[in-house]
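Peer 1: Protein chains in written order, with our numbering: chain P, 1 to 428; chain R, 1001 to 1089.
No wet-lab data here; the hints were simulated from the structure. In this text, all values refer to a predicted model and were calculated from it rather than measured experimentally. Be aware that a few hints might be false.
Unchecked claim - List time: in silico DMTMM-like cross-link candidates among lysine to aspartate or glutamate, alpha-carbon distance up to 25 Å:
hint	chain 1	residue 1	chain 2	residue 2
1	P	Lys246	R	Glu1056
2	P	Lys372	P	Glu204
3	R	Lys1026	P	Glu244
4	P	Lys248	R	Glu1024
5	R	Lys1002	R	Asp1015
6	P	Lys285	P	Glu244
7	P	Lys175	R	Glu1042
8	P	Lys36	R	Glu1004
9	P	Lys246	R	Glu1042
10	P	Lys175	R	Asp1069
11	P	Lys423	R	Glu1048
12	P	Lys423	R	Asp1069
13	P	Lys248	R	Glu1056
14	P	Lys246	R	Asp1069
15	R	Lys1070	R	Glu1024
16	P	Lys167	R	Asp1069
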Amino acid sequence: MEAFDAIVVGAGPAGCAAACTMARSGLNVLVLERGKYPGAKNMWGGAFFGPVMNEVFPGFWKEAPVERFIHRHVISFMTREDCLSVDFKSPHGDATTAPGFIILRARFDRWMAGKVEQSGAVLASSLEATDFIFDGTKIKGVKVGNEEFPANVVVLADGANSLLAAKAGLREEFKAPDLKQGVKEVIRLPRETIEDRFNISGSEGVVMEYVGACTRGLPGGGFIYTNQDSLSVGVVVQLSALLEHKIKASDLIEDFKNHPSVRPLIRNGETMEYSAHLIPVSGVKMMPRLYGDGILVAGDAAAMVLGTGLILEGANFAMAAGVAAGETVIRAREQGDFTARALMHYETLLKDRFVLKDLNTFRHAPHFLENKRIYNEYPELACGLMRSIFHSDGKPRGNTFGTVMKFLKGKVSIWQMISDAMKARKAL
Amino acid sequence: MKVEDKLALNKFDIDREVHIRVDEEKCRGCDLKSCLYACPAECYTMRENHVTFSYEGCLECGSCRFSCDKNAINWVNPRGGFGICYQFG
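Could you put together the complete structure from these sequences and hints?
Peer 2: Shown next, in the form of structure tokens:
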């Protein structure tokens, strides 16, 4: 079989961006997707941010299956019963200025892969790359079972649960403390009900994020995203914390759905699908080697996820890395050199662009976000304080500062709070 | 809502080839049984003091793979086109 210029493993954001970049420059590209169709194996909370999607697919929102454009963002501290929220609302104007897009992966990824085919790449679904063709340590293509597909370069974009990254010798297996597990239900509700309950109209969408009791105090959070006629509802929790505390995410999501401030939002909704996925969250600390002889790795498989507490951003990084990988292969082909020395250019591009810059800026964030007080004491404090301010028991009130100080006593010391605030400043 | 009822809503194309294999000997010597808490689909359950599992409801997240202390779980993807097939995702 004649060798492809490049084989891309995985038709997600990283793989599609890489394939498009290369195919548009006339390269002979094969994309292998193990799902029955692109998106069949993919899930996430619900939204992506940033402009890379628009660079790769200009004006995508006019034709892509976007559920809603984010115009309201709600962040909440949650205790077992209470909920204290910050509600930020900003009209998004037109789609080009929206801070984010809510999508469902099974629909969106299929659309994206259609664009990849239009760009001239060959897409083959239901085919799993199971191994590489090795020439010594050099990678010369992939194997699908016994069948060989030779290529000058393999772009590995097979996600967090990549089985091939280890086989390529690029990474050790990920470890449970560096992974978060996300579980989600898609819950159907009439469009009008969603718009009434969430105070939105037209194509407007809401992202709601919760910290505290929704994970029983374990590092992570809960989320609700509004789709057109459904809600994406779920929790994300540090995998090692689940194991350590013998808690199942499948129980946490039920707790979350039954919380007094969540239950009314999903009332009478019909669950349509239950999904789960891993997210690599430790940033540069867990990042594998990004290139080797005849191979580049991008997206979740390379742990390119930015977690700053309020957001977990992966798709935007994955796409930017996919573009950089594509450009690197184009250059390597011009030079006729596909060794690690030539492909090192990939890392240079990522260092120049926001991918490695952002991950470096926030390199202390993952450690900071393991601070248990964020998920226990602080939600309790914030909600308890509000309760003591708003609660009237018929007795004379103290002044507000006195109430705060009385409330804090015995829970978290002032010094501890200042220390955490300083750490937050450094990490975030 | 029970997990098994949720899984019944999902679309699976179940492969006849089993994609998860558990080394029973290693498994018996394990006190932690992390797999019980790792799997969001509750594919691993305790039955008469030992872990049994079903691969059919696997959501292919890989959590069990990264959780087993005894390295008793041999996990590969279902063959291309088989396994979970998300309609929403």
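Peer 1: All hints are to be evaluated individually against the structure, with a verdict given for each.
Peer 2: Hint-by-hint comparison with the structure:
1. P/Lys246 / R/Glu1056: 23 Å, holds
2. P/Lys372 / P/Glu204: At roughly 34 Å apart (the allowed maximum being 25 Å), glutamate 204 of chain P and lysine 372 of chain P break the hint.
3. R/Lys1026 / P/Glu244: 20 Å, holds
4. P/Lys248 / R/Glu1024: 23 Å, holds
5. R/Lys1002 / R/Asp1015: Holds, at about 24 Å.
6. P/Lys285 / P/Glu244: Measuring from Cα to Cα gives roughly 22 Å; hence the hint holds.
7. P/Lys175 / R/Glu1042: Holds - the C-alpha atoms of glutamate 1042 of chain R and lysine 175 of chain P are around 20 Å apart, at most 25 Å.
8. P/Lys36 / R/Glu1004: Answer holds: lysine 36 of chain P to glutamate 1004 of chain R is near 23 Å, not above 25 Å.
9. P/Lys246 / R/Glu1042: 13 Å, holds
10. P/Lys175 / R/Asp1069: 11 Å, holds
11. P/Lys423 / R/Glu1048: At roughly 48 Å apart (the allowed maximum being 25 Å), glutamate 1048 of chain R and lysine 423 of chain P break the hint.
12. P/Lys423 / R/Asp1069: Between lysine 423 of chain P and aspartate 1069 of chain R the Cα gap is close to 33 Å, so the pair fails against 25 Å, i.e. violated.
13. P/Lys248 / R/Glu1056: 19 Å, holds
14. P/Lys246 / R/Asp1069: 14 Å, holds
15. R/Lys1070 / R/Glu1024: The hint holds at about 11 Å.
16. P/Lys167 / R/Asp1069: Within the cut-off at roughly 21 Å; holds.
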